[in-house]
Amino acid sequence: MSEPSQTKPALVPQLRQLDHDAMLSGVPAGARYRVADRIAQEAEHREAASTPRRWIPALTFVAGAALVLLVVGLGLRPTPSSSGVVVRSLGAFVVAGDDCRLAQDADTTTTRGACRLSSATVVAQTWDEARVRPWRDTLQVDDGTVVFEVEHVPAGAPPVAVRVSHGTIEVLGTRFAIEQDATGGHVDLFEGRIRFVGDDGQRRDIAPGQRLGWGDRATEPVRRDPPPPEPPATESDLADEPAPAQEPRSERPARAPAPGHASPRTDEDAAAIVDEVESLRRQGRYAEAAKRLRDALRQSWSRRVAEVFSFELGTILARHLGDSDAACAHWRAHERRFGEKGRYAKAVADLRAACD
Amino acid sequence: MSDSSLVAEIVGVRGNTRASAAARVDALYRRYHPLVYRLALRYGRGDAAWAEDVMQEVFIGVFDVLDRLDEREGLEPWFYRVTTNRCLNRLRRQRVRQAVPVRWLLGQKVTQPVDPERLTAARQGLTQCWDVLERLPPKERVAFCMYYLDGKRQSDIGDVLGHTKGYVCKLIKRAENRVRAAGWEVEDHV
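Protein chains in written order, with my numbering: chain V, -8 to 347; chain C, 7 to 196.
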């Protein structure tokens, strides 16, 4: 074993020699400067990359503070409508509404969508397109349908007035709707007291439930609905209604449809009436809605549609018009017509129990 | 420059409010780059470009750990350990890349970089020992060099490589056997 090992070269001494040579020769100048330059570049890169990070907390803080100020600022500002979104102002009115859009044309403002115009004493509501303009402290209605609600005017104080095409409507705390077009219009008074003062100076007082027209629609104040002698939603009303066209009751032979309504009405007709009633309800015109339903129930409908109309009519009579006698009579007729298996049988039974 | 003077320099740099990480790394580079380069050149079989890459990697990596470096004590052991591990990792990757299936997949041929210093060493007849070292697996090569060239104890080698003293001893023995199998002796016999 010792023979070959004496002739073999030793590895470690040679490696030590290489290490020693490398240490003496040092790092080549080119390599030294290249690496130093690369380190400097890396330092610059990291410095540049870290600079925006220092701004992130500051920017976050500023954005958060701005958001808080915005929320607090909006929270402290009085809003004219709890549910609406402030759009802009119109004279003494603040206009709001989720889908309210305004278009200005000279002095006239056109409202589209559901808009709520609020001032200190008057709230005006529009649903479809209407054209109004500021007039004194209130509005002039040039076109469209506008429902007004006016807070009670103290005795001795000047009445709130709304301008229409052929005169002025003086208001003493009330709720009414004005419908105006280019040639005339009318006002429906729901509650309170108003007076129409024509341009000719003629004054006409309007009682709740009355409608007064002017221009091409000029009428004397006439009682609309509910008309005083009208027996609304009575048993006879429902008894006069034709039986459901598709599901005539076996114990009661179907009677002939009313003249002019020989064929059963379609679902499209029913949908149109539902939309119409819904629109009237939104405007607070419950009496008109009840009358529309009552008229509809005299026509020929499927059992399902007739039952929906009947239940809707009873609800309006009981809840909105407060006519408990008419409502109770209607619920009794409803039960007789649609029986205990009607879709609203349980609700109607409860409501009728209150009558008893 | 001694370690203490370097520490004073670094502390002075740190004390300056305008001092940047670049200045601190530059101070460390000026002090320790010969050590790093020498180790890298040894494990890189005398390849200057290879050693330069290692040196760059080591000092770029200093930026990531600069805040954790305890500069009150000499950093030579730290640079020794980091450089050794960097070299070990590169050797392992290199070994994988030079495997026949991988070279076949990558369509590469084994080419030795042309380096003037390697040519100089070849003229001196010393490159043969690098060839012997090349035959050792990376971990055995590093443990062998640390033990014989740097005079490290087996426990210290175990700390650097993350192995037990017994495993380090086994690595060194295996390396010695491979050196002898290549027709070399490890040390001179006096």
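Heads up, some of the hints might be wrong.
[Claimed, not checked] The calculated SDA-like cross-link candidates involving lysine to any residue, where the alpha carbons are at most 25 Å apart (straight line), are:
| no. | chain 1 | residue 1 | chain 2 | residue 2 |
| --- | --- | --- | --- | --- |
| 1 | C | Lys158 | C | Glu193 |
| 2 | V | Lys(-1) | C | Gly189 |
| 3 | C | Lys158 | V | Gly17 |
Because the hints were derived from the structure by calculation, they are not lab data.
>> Under the constraints set out in the numbered hints, which ones does this structure not fulfil?
In response: none
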